[in-house]
Every structure is written in C-alpha cells, then in structure tokens.
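Colleague: So the chains spell out like this:
Number of protein chains: 2
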Amino acid sequence: MTRFAPLQNDLLLRALLRQPVKATPVWLMRQAGRYLPEYRALRERAGSFLALAKNPALATEVALQPLERYPLDAAILFSDILTIPDAMGLELFFTEGEGPKFRRPLKDEKTVLALTPPDLAQLQYVFDAVTQTRVALGGRVPLIGFAGSPWTLACYMVEGGSSSDFHRVKAMLYDRPDLMHHLLATNASAVATYLNAQIGAGAQAVMLFDTWGGILADGAYQQFSLNYMRQVIGQLQREQDGARIPVVIFTRGGGQWLEDIAASGADAIGLDWTVNLAQARHRVGQQVALQGNLDPAVLFTQPEVIRAEARKVLASFGQPELGVGHVFNLGHGIPPNVPPEAVSTLIEAVRENNGRKV
Amino acid sequence: MTRFAPLQNDLLLRALLRQPVKATPVWLMRQAGRYLPEYRALRERAGSFLALAKNPALATEVALQPLERYPLDAAILFSDILTIPDAMGLELFFTEGEGPKFRRPLKDEKTVLALTPPDLAQLQYVFDAVTQTRVALGGRVPLIGFAGSPWTLACYMVEGGSSSDFHRVKAMLYDRPDLMHHLLATNASAVATYLNAQIGAGAQAVMLFDTWGGILADGAYQQFSLNYMRQVIGQLQREQDGARIPVVIFTRGGGQWLEDIAASGADAIGLDWTVNLAQARHRVGQQVALQGNLDPAVLFTQPEVIRAEARKVLASFGQPELGVGHVFNLGHGIPPNVPPEAVSTLIEAVRENNGRKV
Numbered sequence: 001m002t003r004f005a006p007l008q009n010d011l012l013l014r015a016l017l018r019q020p021v022k023a024t025p026v027w028l029m030r031q032a033g034r035y036l037p038e039y040r041a042l043r044e045r046a047g048s049f050l051a052l053a054k055n056p057a058l059a060t061e062v063a064l065q066p067l068e069r070y071p072l073d074a075a076i077l078f079s080d081i082l083t084i085p086d087a088m089g090l091e092l093f094f095t096e097g098e099g100p101k102f103r104r105p106l107k108d109e110k111t112v113l114a115l116t117p118p119d120l121a122q123l124q125y126v127f128d129a130v131t132q133t134r135v136a137l138g139g140r141v142p143l144i145g146f147a148g149s150p151w152t153l154a155c156y157m158v159e160g161g162s163s164s165d166f167h168r169v170k171a172m173l174y175d176r177p178d179l180m181h182h183l184l185a186t187n188a189s190a191v192a193t194y195l196n197a198q199i200g201a202g203a204q205a206v207m208l209f210d211t212w213g214g215i216l217a218d219g220a221y222q223q224f225s226l227n228y229m230r231q232v233i234g235q236l237q238r239e240q241d242g243a244r245i246p247v248v249i250f251t252r253g254g255g256q257w258l259e260d261i262a263a264s265g266a267d268a269i270g271l272d273w274t275v276n277l278a279q280a281r282h283r284v285g286q287q288v289a290l291q292g293n294l295d296p297a298v299l300f301t302q303p304e305v306i307r308a309e310a311r312k313v314l315a316s317f318g319q320p321e322l323g324v325g326h327v328f329n330l331g332h333g334i335p336p337n338v339p340p341e342a343v344s345t346l347i348e349a350v351r352e353n354n355g356r357k358v
Numbered sequence: 359m360t361r362f363a364p365l366q367n368d369l370l371l372r373a374l375l376r377q378p379v380k381a382t383p384v385w386l387m388r389q390a391g392r393y394l395p396e397y398r399a400l401r402e403r404a405g406s407f408l409a410l411a412k413n414p415a416l417a418t419e420v421a422l423q424p425l426e427r428y429p430l431d432a433a434i435l436f437s438d439i440l441t442i443p444d445a446m447g448l449e450l451f452f453t454e455g456e457g458p459k460f461r462r463p464l465k466d467e468k469t470v471l472a473l474t475p476p477d478l479a480q481l482q483y484v485f486d487a488v489t490q491t492r493v494a495l496g497g498r499v500p501l502i503g504f505a506g507s508p509w510t511l512a513c514y515m516v517e518g519g520s521s522s523d524f525h526r527v528k529a530m531l532y533d534r535p536d537l538m539h540h541l542l543a544t545n546a547s548a549v550a551t552y553l554n555a556q557i558g559a560g561a562q563a564v565m566l567f568d569t570w571g572g573i574l575a576d577g578a579y580q581q582f583s584l585n586y587m588r589q590v591i592g593q594l595q596r597e598q599d600g601a602r603i604p605v606v607i608f609t610r611g612g613g614q615w616l617e618d619i620a621a622s623g624a625d626a627i628g629l630d631w632t633v634n635l636a637q638a639r640h641r642v643g644q645q646v647a648l649q650g651n652l653d654p655a656v657l658f659t660q661p662e663v664i665r666a667e668a669r670k671v672l673a674s675f676g677q678p679e680l681g682v683g684h685v686f687n688l689g690h691g692i693p694p695n696v697p698p699e700a701v702s703t704l705i706e707a708v709r710e711n712n713g714r715k716v
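Sequence order for the protein chains is A and B. Position 341, counted from 1, in the first sequence is what this note's numbering calls 341; the numbers after and before it change by one each time, with no gaps. Position 258, counted from 1, in the second sequence is what this note's numbering calls 616; the numbers after and before it change by one each time, with no gaps.
Source of the hints: derived by calculation from the structure; they are not laboratory data. Predicted, not measured: the structure shown is a model, and the values here were computed from it. Please note that the accuracy of each hint is not assured.
In silico lysine-lysine, DSBU-like type, Cα no more than 30 Å apart, as pairs [what the hints assert, rightly or not]:
id, chain 1, residue 1, chain 2, residue 2
1, B, K465, A, K312
2, B, K670, B, K412
3, B, K715, B, K670
4, A, K101, A, K22
5, B, K465, B, K380
6, B, K412, A, K101
7, A, K357, A, K312
8, A, K312, A, K54
9, B, K670, A, K107
Where chain A lies over chain B, by a calculated footprint (3+ residues, C-beta under 8 Å) [to be verified]:
id, segment
10, 447-459
11, 626-636
12, 657-666
Beta carbons: idealized from backbone N, C-alpha and C, even for Gly.
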C-alpha cells in the first residue's frame, strides 16, 4: 500500500527500466522555469528563486505549472542542485546574471576537512516539496527527484560559483587528490542520504546531474566523477512502496564515456545533443535506457523545424526492436528565453510521432 | 631552392606526417601570450592586442618570445582567428574581459548575402608577419600558420562575439540551412585562400582551429563544420619549396567524431584532454597523427604533478610501435595566468621522457 494516489501514466518509469512501452515518454529538463510567464509571475511575488525553492507550497506550484500547459509524462521536483552545500554551511545565494554563488566557499585544506554532512532537518523543505508535489500530481505522472553529482557539487564548492575553466578545483584535484577524494566522499555520502530521503518522501525516479563531469580529463572523469556517482548509486534505496526507483545519470559532455557510465549501476543515461543516439545504443547494448537529446537551440526555430528535428531524434534512436528504453528530452535544460509555444510544438511533435493524441 | 634558411629541427613536420622521429616534438597552443611578462610589456607598449597582431615586426617579436625561454619544437604565427571576418568589413575589436567582438555582425539575411571575400591586400600584415617570423627563426624550428574554421568564424560573425550557448547562430543553422551553407562556403573559400597565402609566405604547417565545432549536434557537426574544413583542405597547397605542408584540424570537444575527422584529408588531429590517446589511436588507425592533450589546468600545480601528468600523456599514447605520429601539446591554449616556470617544467618533462637534453 502506498500513501499516494495510484500512478496513471507509467511510461517514464517503464522506459527508464527498459520495459516495453506503447510510446516514447517525454519530459524536458528545466520544464518548470523562467521561460514560463506564470513562473516569472510567481517568482516575482516570492521575491527570488531561493524563496520559491525553499517554500514547499510554492515549489509544488512551480513543479506543476508545465503540466498544466503540456501533456508531459513526468514532473520533476523544483529545487536546485546546490541545496546540499548550502545546508553544509556554504550559504548559497544568487546574483543577477552570474548564477549561483557561495558566501563561504572551500578555500583551503582546513575548510575542506572541517566539512560535515548536512543536517537533514535543514533540507526538510526539499523533502516536503517532494511529498507535496507528489500529492498534488495525484498520480497523473511520476515525480523525478534529483541531486547534483559529488564532483559537480565540489566544482561550485571550491570555485565559489560557476567558472569558465574550473582551474581552481582542477588544480586541487591534481595537486591534492587526497583532499579531493575526501571532499567527494563527503559529498557522495550526503547525496545518497539526500536522494534516499527524497525517495522516502515520494520521488519515483531520481537523477544525478553531473553538469561539470565533461570538463574533466579522460581518466580523471572516471576516478573523480563517475566513481562517486557509482558510490551514490550503490547506497540508494532502489525500491519504495513495491515500485522500483530508476536512477538516471547525466554527465554533460560525457559522450565519450558512455560504456563506463553504463557500467555504473544506473538504469538510464542522459545524453547531450553531441551524442549519436543509434551509436550510443550500439555502444552500451541493452544495459541501460537512454534519455535525450535534442539541441535546445532548436526551440528558437520555426514550428516545422522543431517538428523535423524532434522526428530526427526519435528516428536516430533506431529500429523498433531497439525502441525500448528511450525517454525523449532535450540535451540540456530549456533556455530561459524560449517561447512557450515552441515547447508546445515540440511535445506535440513527439506525441504525434508516437501515434498519441496531441 | 628556398628563400629561407634550412630547417634544423624537423621533428614537428615529421611527426605530423607520421614519419619516424627520435623524440616526440612539443609545442603549446598560445605559447606566445599573456602568461609571459615580456609579452605583457610589449603589448602595453603597443597599446593593444590588435596593435601587436597587425604590426608584422611586433608580431614576429611576440612569436619568438617563447622560443627564447623554452626549447620548443615549433613556432606559431602570432595572429588571431578573426582576421578574415575583420577584413570582410565586420570590424574586429576587443573589450577587456569580454573577448573579441564585431562592430558589424551578420544580423540578417541581407548582411549574410552581401558578404564578399576579403581583400587579401587587407590581410597583407598577416602574410608579412609569417615571412618575417620565418626569417627571424632562421631555420631553428618550423613555423605553423593557422586560421579559424569556417564554422567557428560563422559563430563569431553571427553572434557578434563569443556566447555561452550560441543560440543565435544555431537557430540560423536550423532555420535557414541555405543561408548558413552560403556563409560557410564563403568562409571556406576565404580560409583556403588565406592559408595558401600563409603557405606562400613561409608557413611550414597549417592548423584549423575549430573552437566551436564541439557545440554542434551530432550530424550538424559533420554537415556544417567538418564538411567545410574538408573543403578548405581540398583547396590547400600541400607542398611548398619541395616540402610537404602538414595540415592539422583541432575541433575542441570533437572527441566523439575522430573517425570522421580522420577522414577529412588532414594529416593530424588536435585533441582536447577529454580524449583517451590510446583509444583515439585505435579508432583512427594509422591514418593521421595526433596532437595533444594535457589539461592546461595541470600548469597550476606543483612541478612533480606537472611532470607526472606529462608522462601520463606520453605513456597513454601507447606502445612504441604506435609511437609514430604524436605531437605533445596541451588540450587547449595556455591560460593567461599560468606561471612561466610551470611551462618550463612541462617542456623539460616532455624532453626528459624522450631522452632529450633538458
């Protein structure tokens, strides 16, 4: 028995677990966000992104906004990948146009070694948002929970924000691998605990966003990013209320490492648009599902182009016998200045191509 | 007979042509540049980067600066990849911290269709710099000429500068492939003419910098970037004064497309640090030489780490029988804030590992 309404649309969960599906499910990274006028209105009322993300009722409202517009096959928790370091005391804040920053970044050995696991009570707002979103969905579609990868968190924690080259965090990795491994192990344990709490709170699938894995050298990626995602996955609760919880890994720029990623224990791999879907399937065999991978830039084009490019992605996934295990998505998040009509055109095109009602 | 002094060190040319060499040659992208105090002093006297690049005597001085410090196996022309669109009338300028910009970017169909090939006389300063640098080298090491790839030029020409996502130029590509092909064909013809003039002026190898090829979707890369580099290569003069002129292609982020790049007609492929050198060699066979691929972030670490990471790159290139056809380089340019001593340590490590005098 479950505390929640029964799931009416299990396309996403089935596809992620490579079970046969009648149609390719579709959801879009950052489907709730700035491109939607109703999101901008709510954010203005709340005052800031963090005020939205830290208020479970508002986060629930935001997560459901795209579902009101589009026939999507999943909802995703409205939150940020940097909630964990924020709860570790690094103090997350956002500056206009510069993205996330920390008031207290890890600037030396002492601050890295002083780092302690986050107090889960400080992250209760996330788990509450998960439960409230799940309840509000009423079983329409499954809810995806997520976290940043241990390496991606480390990038922001050491750099203090985003960076064009991440030389600071990379220098630490090369100069002090011992310290970096300590940091990543701390992050991995925190991420696993955090995702398990999301699963306990109602997340029906979880995704690891490894936004900056692709900046690592071959070898360093496996050792410092993938290795710790594998550790996270090994600690995850893979079943809840009798249902299997699929795990997705998305390393942006990780197309060269698909074989390694497929062996990580994840159920599915998120792919960016540089990856050829048919070749990806050949490389990973039937080990994992694939999620992706339309170039978000396509959303700035005319409807006929959006439709044609969506069909190309679906077709490139390959023959019908390989049709199991594909989730349609973009190769990265929806850009903030996309017209909502373009998203509508895209979702319709994917559904049409699957013989679904538009 | 040649107008220039005989070449004393042909390691680079031999390695690029996959001829046996006694040691792996080494040069570094952006080896002449801001990390050198003597460069910064000269630039201050000249007033700006463009004042240096457009003055053949000063450009020659800059190109030779790193050779005075380090036992490098090549010099590279000191110039910019955007000289061609500048000469096409787009008016290149630089703003502090924001990189290159154009005063007259291509903002619509009309400006794209009005584009004409650059007047070579307006680029004479580049060819003069090539000749003067070659003369000043006196045969010590070969001189590499270069150009931006047709696609990379198009990125800057349409965006008007650099971009975090290049949505504008990508939207043009998807929406108006006809217009994009027109622009790329114009660029390809200009690049070929430009590189042939550099070869005529004394460049002994040429390199195509495809800095933004890696942002393209699989399929689009082959069609809109590689295709036009192939056209350029097909028009290049491959022999001058009895010597073969090797051609290198460097697509940053192009690791997934090595087989395609190897079939482009280039003699060598530049690789960034995400590529596994041994796997790259297996994938491309003996078709091309490989150039790369140390992560420039390593230059911010201690000497022992620099030496160990340099050895790793050399070792990862593989067995001795595969040792033919490797040029040691970084996976991208030297960052501006690298200490010059780190570059010294790196070059020494590569030479030591090859049994050369340090």
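Colleague: Each hint needs a verdict: does it hold in this structure or not?
Modeller: Quick rundown of the hints versus the structure:
The hinted pair formed by K465/B and K312/A meets the criterion: a straight-line CA distance of about 28 Å does not exceed 30 Å. For the given pair, K670/B sits about 39 Å from K412/B by alpha-carbon distance, which is inconsistent with the 30 Å threshold. With a C-alpha separation of about 20 Å, the suggested pair K715/B and K670/B falls inside the 30 Å cut-off, and the hint holds. Restraint check for K101/A and K22/A: the C-alpha separation of about 43 Å exceeds 30 Å, so the hint is violated.
Straight-line distance between C-alpha atoms of K465/B and K380/B comes to about 51 Å, which puts the hinted pair past the 30 Å bound. Distance restraint check for K412/B and K101/A: the Cα-Cα separation of roughly 40 Å exceeds the 30 Å cut-off, and the hinted pair is therefore not satisfied. Our distance criterion of 30 Å between C-alpha atoms is met by K357/A and K312/A, whose separation comes to about 20 Å. Restraint check for K312/A and K54/A: not satisfied, since their Cα atoms lie roughly 39 Å apart, outside the 30 Å limit.
Annotation: proposed proximity of K670/B to K107/A holds, straight-line Cα distance about 28 Å (limit 30 Å). Residue count for the segment 447-459 of chain B with a Cβ under 8 Å from a Cβ of chain A: 0. That is fewer than the three needed, and the coverage hint is violated. Counting residues of the segment 626-636 of chain B whose CB falls under 8 Å from any CB of chain A gives 4; the rule of at least 3 is met. Check on the segment 657-666 of chain B: 4 of its residues sit with their Cβ under 8 Å from a Cβ of chain A, so the three-residue criterion for coverage holds.
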